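Asker: So you can see what is in the structure, the chains are spelled out below.
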Amino acid sequence: MRSFGFNNLWLISLLWLYSALLYSQSGEMVRIKGGDYMPFIKGQTDQVLVNSFWIDTKAVTNADYLQFVAANPQWSKSQVKRIFADENYLSHWNLEQEGTGRFAELAPVVNVSWFAAQAYCEWQGKRLPELHEWEFAAKALPVENQFYDSLQRIISDWYSNRLRNNFEVGSLYQNTYGAWDMHGLIWEWVYDFNSITMNDDGRNQEEMPEGLFCGSASLNANDATDYASFVRFAFRTSLKGNYSLRRLGFRCAKTAD
Amino acid sequence: MNKLTSTYKPMLFLGAMALILMASCNSHSNKKGSDVLPLIKGEVVAELTAAPFVPPPIDAKSNTKVVVELEIIERVMRLADGVEYNFWTFGGVVPGKFIRVRQGDLVEFHLHNHPDNMFPHNIDLHAVTGPGGGAEATLIAPGKSAQFSFRALNEGLYVYHCATAPVGMHVANGMYGLILVEPLEGMPPVDHEFYVMQSEFYTTGKFGERGLQEFDMQKALDERPDYVVMNGAVGANTGENAMIVNVGETVRLYLGNGGPNLVSSFHAIGEIFDKVYIEGGSLYTENVQTTLIPAGGSAIVEFKCEVPGTLHLVDHSIFRAFNKGAIAQIKVVGEENYDVFTGLQKETVYLPEGSAIQKVGKERTEAVDEAPVRTLEERMEKGRALYTQNCLACHMDQGRGVPGVFPPLYNSDFLQARDDKGIGIILEGLQGEITVNGNTYNNIMPAMQMSDDNIASVMTYIFNELNNGGGLLQASEVREWREKNQ
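For the record, the sequence lines run as chains A and B.
Residue 19 in the working numbering sits at position 19 of the first sequence, and the numbers go up by one each step.
Residue 384 in the working numbering sits at position 384 of the second sequence, and the numbers go up by one each step.
Keep in mind the hints are simulated off the structure, nothing from the lab.
Don't take every hint at face value.
[What the hints assert, rightly or not] Simulated crosslink set (DSBU-like; lysine-lysine; CA at most 35 Å straight-line): (1) B:Lys331 x B:Lys206; (2) A:Lys139 x B:Lys206; (3) A:Lys254 x A:Lys240; (4) B:Lys484 x B:Lys346; (5) A:Lys139 x B:Lys219; (6) B:Lys65 x A:Lys240; (7) A:Lys126 x A:Lys139; (8) A:Lys254 x A:Lys126; (9) A:Lys254 x A:Lys77.
Everything numeric in this text was worked out from a predicted model, so none of it was measured.
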C-alpha cells in the first residue's frame, strides 16, 4: 500500500537532492578556541574549562538532511525505529505538499530526534556539540552589534514571537566566533542535553526535574536574572532522546586537536 | 477546609498508663472518621469555560472520574487597544479555562503542549495533594502530552499555574487559571456565577504603547507592572463585554489572583459583598467592602444586585484600576428601587466664600422674611456687605469679573437689558452661554437662597456702586417678582 507513494517520494527526493547539492554549502565549520567559562547552572566547580572545538557555522538544513536520509534509508520517515524517533519525526516533510512554504530547503531541519541528529553528525565524521561547548559558542555577541543588549534583544524578540518562522540558516546574525543564528532561529540539540538535571543514565525519574521547578530552579542558577538561560535549560529538561519537535534542530561539532 | 481523609496518628504516648491518644488531623470534616475514599462511579469529560463564564456543576449523584483536557497554546492576542502580547495560555485564553470538579472526584488530567509552541510547560494545581501539584508529572516539550490523576480531597477554589523554570516568566505571560472543588451536593444556588481573575503584565513599553510588546524581566523583578488587568486584557469585561445581570438577582464571583507579584484589594464599586469565602476556603464572613486576594490565591464573593447600574470590579489599590486596567464591569439592568437608592436628588454648589445657601436649577426658596422699606443709604450699606459675602468671590472687587470665566457686573449691558432688575438671576441662578459687554461666558451661577430684603439691597448696591444706571429696589418688588414667577 505504501510502496507506490514511497517510490514516488524517493524519485522526487533524489531530483531535489541534486539541485540542492548545487548550492548547498553545508557543513562549513569554525574553530573556537577553548577557555574557562561560567556555566549557568552551578556545578561542583564554578568555572568550567571548555577545550577548543569545531562547530558548524550554520544549523543543518532540510537539504543537508535529505542527503543524509538518501544515504541512510534507515533514517527515512518510513523506516526509522520508534525508539529512535517518535511519530513526529520529519513530520513537516511532505513532498506532495511542497510549495506550501513549510518545507524550505535552506531552512533548518527540525522534527529530528537526538538519535537522528547524532547519527547525521557521525555520518559526517562529527558529533553533536556538548552542552558547555554549545553554550560557550552561543554567548558570543553578534558581529554587527557588539553590545550585551543586542543578544538579549534577539532572544527576547524570538521569545515574544516577533521573529517569523521558516528563516533560512545564516539569515539572522553571525556572532564573533563566526557561528550563525545561535539564538533566534531554532532550539538545538546538544550531545548531553540531559546532563544537568538527570543523574546517572537519566532513568531515575525522581531526580529528573529537580533543578527546574519553583524553588530549586533559582537556587541552582548562577544568575537568577538570566531568564533566557533558564528557558534553554528548562527546554532541554523536557526532552527525551526520541523526541522530534517542530522548533528543535541541530548543528554538529568536532573536537579540535 | 474539609478534608476527606482522616489520618490517624498517635499524638501522645504515656508509658505508665499505656494510654495512646488518637487524634484526627481534622475535626471539622463532614465525613468525619472516614479514612476510605469514596467510590468512583462513571466518567465525565469536564466542560471548561473561558472567563467570565463558569461551567455548570457536574450532574452526577456520586463521585465520578472527571477527565480534564487542557491545551497549552502560545499565541499573540490583544492586551489593550493597539497593544499585543505573546501570551502563554491554558486553553488559548487568559486567564486559563475554569475547571469545576467536586470533592472526592477522581480527576484524570491531560495536559497538551501544542506542537507550534516554542517552550516546555507544565501545570501545578493548588487543588492537588501531591508533589508539585502535578508539576513534576507534567513537564512536557512542545508537541507532547502528559497525563496524571489526583483525588480532589479538599473543597475550595484553587489557582493553577505553570511551574516550569523560569516560573515567574511563565506566570507573567498568562499561565494561570482557577479550579473549583465544590461539595458533592454543590454550591448553594445563585442566579449568576462569574469567573474573574486579576493579574499583571510587564512589558518593555509603557502602558498603552502600541504594537507587539515583549516581556520585561527587569520590571518583573522590580515588581513594577505596566498593566494590571481583570481577565487578561484591559477592558476584557467592560462596556459591551460587561457581565450582565438583572435587578434582584444574586451573583457569585469566583475570584482569582494570578499575580505573579501583586496582592489584590478586590472591591466592587457600588456593592457590598454579602458573603466572602475568605481565600477561597470554607470559612466565610459577611458584609465585606474589600477583600484581599493573595497572589496565587482566590476568594468567592456573593451579593444581591438590588438596584440597576454598573458595578465596577476593581483592585482598590486604585491606580491599578484607573491607570493600569484593573477594572471589570457588571451591568445590573431593571427597575429603579428608590427605597434603596435614589440617584441624584439635588445638586447644590458649595461655595464657602458665600454665606447664602446656593442651588442649581429652577427650584426657588420661599420668601422667609418681611418686606421692609429702606432708604438708599440703608440699602447701599447692607448691599455692600452682602456683595462682599455672596458675589465678590466670582464677580470680584468693583464687579470686574474674571475674563472668560465670570462675567463683569460693572456697567453690564447684559444686566441693564434685563427687565427683572437681576432678581430672576439671583432667585433662579443662570447657566449657559451669555454675552456681556461683547465677551461670551459659559458658566453656572447657582440660585442664591437670599431673602427679598437682602436681594433688594444687593441689587441696589450693584445698580449704583457698579455703574448700572442707579435706582432703589425695595423688598416688595422682589416679592412681587417672586409671586409672579412662582
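Asker: Failing hints, ascending?
Answerer: none
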